[in-house]
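J.: Sequence:
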Amino acid sequence: MSLLVVGLSHRSAPVSVLERASLSADAKIKLLHDTLAAEPATEATVLATCNRIELYADVDKFHAGVAELSTLLAQHSGVALEELTPYLYVHYEDRAVHHLFSVACGLDSMVVGEGQILGQIKDALALGQELHSAGRLINDLFQQALRVGKRAHSETGIDRAGQSLVTFGLEQLAVGTPVAEWARGKRALVIGAGSMSSLAAATLARVGVAEITVANRTAERAERLAEILVASGTGVTAVAIPMAEVADELTRVDVVVSCTGATGLVLTADDVLAAVSWGAGGLAPAERGAAPDPAPRTPAGLDAGVLARLVAAAEAGGRIADAGAARTIGAPADAEADGCPVGLDGRSALTGVDANSLELHGTWADQGEAAAQRQPRRSARTQAHATDVRLALLDLAMPRDIDAAVHRIPGVRLVDIESLAEASADAPMAADVDAVRGIVAQEVAAFGAAQRAAHITPTVVALRAMAAEVVAMEVARLDGRLPDLDERQRAEVTQTVRRVVDKLLHAPTVRVKQLASEPGGAGYADALRELFDLDPQTVASVSRADAADPKNDDDPGRAS
Numbered sequence: 004m005s006l007l008v009v010g011l012s013h014r015s016a017p018v019s020v021l022e023r024a025s026l027s028a029d030a031k032i033k034l035l036h037d038t039l040a041a042e043p044a045t046e047a048t049v050l051a052t053c054n055r056i057e058l059y060a061d062v063d064k065f066h067a068g069v070a071e072l073s074t075l076l077a078q079h080s081g082v083a084l085e086e087l088t089p090y091l092y093v094h095y096e097d098r099a100v101h102h103l104f105s106v107a108c109g110l111d112s113m114v115v116g117e118g119q120i121l122g123q124i125k126d127a128l129a130l131g132q133e134l135h136s137a138g139r140l141i142n143d144l145f146q147q148a149l150r151v152g153k154r155a156h157s158e159t160g161i162d163r164a165g166q167s168l169v170t171f172g173l174e175q176l177a178v179g180t181p182v183a184e185w186a187r188g189k190r191a192l193v194i195g196a197g198s199m200s201s202l203a204a205a206t207l208a209r210v211g212v213a214e215i216t217v218a219n220r221t222a223e224r225a226e227r228l229a230e231i232l233v234a235s236g237t238g239v240t241a242v243a244i245p246m247a248e249v250a251d252e253l254t255r256v257d258v259v260v261s262c263t264g265a266t267g268l269v270l271t272a273d274d275v276l277a278a279v280s281w282g283a284g285g286l287a288p289a290e291r292g293a294a295p296d297p298a299p300r301t302p303a304g305l306d307a308g309v310l311a312r313l314v315a316a317a318e319a320g321g322r323i324a325d326a327g328a329a330r331t332i333g334a335p336a337d338a339e340a341d342g343c344p345v346g347l348d349g350r351s352a353l354t355g356v357d358a359n360s361l362e363l364h365g366t367w368a369d370q371g372e373a374a375a376q377r378q379p380r381r382s383a384r385t386q387a388h389a390t391d392v393r394l395a396l397l398d399l400a401m402p403r404d405i406d407a408a409v410h411r412i413p414g415v416r417l418v419d420i421e422s423l424a425e426a427s428a429d430a431p432m433a434a435d436v437d438a439v440r441g442i443v444a445q446e447v448a449a450f451g452a453a454q455r456a457a458h459i460t461p462t463v464v465a466l467r468a469m470a471a472e473v474v475a476m477e478v479a480r481l482d483g484r485l486p487d488l489d490e491r492q493r494a495e496v497t498q499t500v501r502r503v504v505d506k507l508l509h510a511p512t513v514r515v516k517q518l519a520s521e522p523g524g525a526g527y528a529d530a531l532r533e534l535f536d537l538d539p540q541t542v543a544s545v546s547r548a549d550a551a552d553p554k555n556d557d558d559p560g561r562a563s
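Note that the numbering used here has the sequence shown beginning at 4, numbered continuously upward.
I should point out that these hints are in silico values taken from the structure, not numbers from a laboratory.
Values in this document were obtained by computation on a predicted structure and should not be read as measured data.
Listed next, with one range per pair, are the computed distances between beta-carbon atoms: (1) Val93 to Val478: 51 to 59 angstroms; (2) Arg440 to Lys64: 29 to 37 angstroms; (3) Thr499 to Val93: 53 to 61 angstroms; (4) Arg227 to Ser27: 19 to 27 angstroms; (5) Arg440 to Val496: 57 to 65 angstroms; (6) Arg23 to Ile231: 28 to 36 angstroms; (7) Ala277 to Gly81: 26 to 34 angstroms; (8) His66 to Asp273: 46 to 54 angstroms; (9) Leu481 to Val93: 53 to 61 angstroms; (10) Gly441 to Glu495: 48 to 56 angstroms; (11) Ala40 to Ala475: 43 to 51 angstroms; (12) Lys153 to Glu495: 49 to 57 angstroms.
Cβ atoms here follow ideal geometry from the backbone N, Cα and C, with glycine treated the same way.
All chains, please: the whole structure from these sequences, using the hints.
T.: Here it is, written out as structure tokens:
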């Protein structure tokens with residue numbers, strides 16, 4: 004076994020790099036084609052999720068394999084190799100197996116124990132099988148990874164160590180309030196109709212939202228998801244809308260979950276600002292398709308004239324539109340403990356402030372934010388209370404669907420992949436994690452033993468084939484020397500010779516399989532070939548026949 008994995012994940016790379024390195028469906032196909040065309044790799048598949056990009060391959064040369072796989076990842080991700088290299092990790096042979104099994108169990112996930120990764124591993128295997136890039140090693144490895152992941156979830160309480168990314172994200176939006184209590188009666192918008200978006204919609208329905216609107220570029224998929232939600236028995240109302248109506252829908256919903264394959268932003272800061280401005284002040288949400296108010300309302304607590312002066316001050320100084328002041332509007336009192344140099348201590352003090360003072364205030368606010376960034380960042384749970392939020396946004400896409408700048412808008416709460424990573428870093432680990440680690444260690448040892456034993460099997464088969472040929476030759480010679488033997492006598496002699504040969508070979512072949520399954524046992528196959536002068540071509544032909552046997556692929560006993 005010469006298994007090699009080269010990749011990057013949320014543990015090794017910042018979100019900004021993962022976003023840029025994400026692979027589209029076409030890019031994954033091209034990556035696998037080019038990997039097989041590369042000299043060191045004989046089979047491969049790619050595991051690409053919002054939190055990781057990993058290329059698995061069977062290689063005949065380690066250093067050449069690492070160089071080739073790293074280069075291919077850079078080429079197809081669009082991130083320069085010199086920029087990508089510091090964030091790449093490499094695992095080889097047993098360490099590569101250990102890594103994948105840990106991933107399958109959720110030990111390497113952003114939220115420990117989440118089960119979504121099992122479906123993504125299954126998709127990676129299916130892609131390799133569809134493209135015929137997954138051979139015996141990759142098939143065996145990924146099928147056992149699925150089995151190990153299911154075993155971990157069924158035999159331990161790893162599910163209690165973490166939740167699905169969707170559930171964990173909703174917990175962050177709820178800010179300490181039970182999710183079911185927070186979600187009860189809310190109206191939700193789900194953007195996208197893929198596996199993650201479907202999981203999000205199902206989770207929202209289960210926790211008690213009253214209404215779900217699904218938007219997707221392919222209308223049929225959105226309609227199908229809405230139908231499934233209605234038929235789920237949760238009592239939720241679900242409808243599908245075109246993507247063109249998302250901006251209007253934002254004005255009437257309380258929660259948005261987005262996870263699409265778009266390469267650009269789906270929701271900009273302007274989209275969100277317009278939506279919360281429309282719905283501020285406790286007014287009834289506008290009906291879908293209604294004519295816009297000629298004088299849209301500004302976010303609650305912020306006078307329209309002040310907002311205009313903020314924008315003017317920003318334009319005059321070349322700064323971002325809120326000039327640092329919008330952050331102050333909803334900030335807790337302790338954020339201003341050091342004292343603003345112009346005495347701006349809250350939303351009421353903004354009225355009548357000139358642009359120069361706002362600019363000075365913005366400088367102070369930005370300095371305070373920079374200082375805060377140098378300190379350990381507080382969990383997103385502590386930044387605002389759920390009851391203060393007009394619009395809650397959960398962005399599970401990579402690259403991101405929702406402009407990160409929306410966190411500056413009063414009344415808006417954004418939870419994205421980056422903030423989930425920060426929150427999960429402080430999450431308590433369940434005791435069951437140790438049990439799962441034990442399962443992973445056992446399964447890695449078993450997989451390695453099975454692979455090493457399988458490596459010597461063609462040699463053992465070739466040895467027994469040679470012995471059978473020798474028996475046949477000697478029986479034929481006996482027929483020439485003793486032509487008077489009847490059929491019964493000839494059969495008895497033949498059977499006796501075969502029993503002798505089988506008994507002589509039985510103990511050595513059983514023992515050599517046992518030895519070969521242990522670490523360092525690969526050399527026993529070479530020893531057998533040398534001792535019995537076996538033809539290497541015969542051994543190779545047995546290996547090819549074994550690999551080509553359809554009974555050896557997609558074995559139900561191996562499948563997850």
